[in-house]
Amino acid sequence: MLIETINIVLLGMLALTALAAVRLHDLFAVTIMFGIYSLLAAVVFVVLDAVDVAFTEAAVGVGISTVLMLATIGLVGRHEQRPVHRPLLPLLVVAVTGAALVYGTLDMPFFADPAAPVHQHVVPYYLGKSPEQTGIPNVVTSILASYRGYDTLGELAVIFTAGVGVLALLGLRRRKRPSKEHPTP
Amino acid sequence: MFTLTGIALLVTMVLALIRAIKGPTVYDRILASNAVGTKTVLMIAVLGFIVGEPDLYIDIALMYALIGFIGTVAVLKVSEFGDLGQAQSPRDGDKS
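Taken in sequence, the protein lines are chains A and B. Residue 185 is where the first sequence ends in the numbering used here, and the numbering goes up by one at each step. Residue 1096 is where the second sequence ends in the numbering used here, and the numbering goes up by one at each step.
Keep in mind the hints are simulated off the structure, nothing from the lab. A couple of the hints might just be wrong.
[Said to hold, decoys possible] Facing chain A, from chain B, some residues (calculated, C-beta under 7 Å): (1) 1025; (2) 1026; (3) 1043; (4) 1044.
Every residue gets a Cβ at the ideal spot worked out from N, C-alpha and C, and that includes glycine.
Just chain B, with the same shape it has in the complex:
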């Protein structure tokens, strides 16, 4: 059962990776990266059951879920503002 789940997760990760490599727009790649992050969390949890130590691995998976969004938020912020820093871009600051 867990074997099947693991194989399905691997197939999903490969598909998301293909989308990330081919993806014509940045948003395809962001979505693919996010999907790979989610599959990583699930993969670690399934690995815990395969190895036989679910308690430890589920803690790790939870921590991954907690830090996984940082990269996505940063990528989205740069794609929206073109800059990671502040609401004001440096050129606007120089003009004012």
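Isolated chain A, as found in the complex:
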């Protein structure tokens, strides 16, 4: 009962934060709103008992992506330009797509349904065998780090490449300038 109330309040705050981020035109404030959004989402994940997801959300959402967005604001300026076109047609397209997606979910099994196919295939094996096969108490961690270790390694390579690309775009080489000036005089 209490957990449901906390969930509802948190989800309401999430919606409020997202609306505020859309309505604000100062990109600096929008970045701060995104940080608050990540914190609230992390609490929602903790309430849902997905601790590792919450952890990633907090580290990436509050830490890394805030820093990246702020670095971008330092390059492009902090005020949003007026849109050059009317938002009605894009809004219509998004609404129709969203309605189609919601219609598609009607055929899916309900949330947390134990008879859903995804919970019948390999999940019982992992749940039963992972403590003795891997020795890791958390099942999610054992799947990510042991059963799908090569997958995770590939994901890390992708994320590392993306991070290097973003850092290259944001102009890390500027850091060299002060040190270059010293040898010239």
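Keeping the supplied structure of chain A fixed, place chain B upon it in accordance with the hints.
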């Protein structure tokens, strides 16, 4: 007891969120964001006691407290220098 604490924390988070949305200056929003971060740490700790696993959740709350300041420091740095990178802005570098 923990229920009351949780409700009080939620009310505080809503108040900080309202300040972040209304806040006329950037500093109001930074302060509100920082307050929400602190309340997140406390909320996770209280949730640990509500759920009945305080040991695990307090570890998580501590880790949140450790990473929570990064965003605030970055925001403050941009609001002071207008740039996240270096002490020298690109235009100054071009002039010299």
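Verification of the supplied hints:
1. 1025: With Cβ-Cβ at 10 Å, over 7 Å, it is violated.
2. 1026: Since chain A brings a Cβ to about 6 Å from residue 1026 of chain B, closer than 7 Å, the hint holds.
3. 1043: 6 Å, holds
4. 1044: It holds, given that the least Cβ distance between residue 1044 of chain B and chain A is near 5 Å, below 7 Å.
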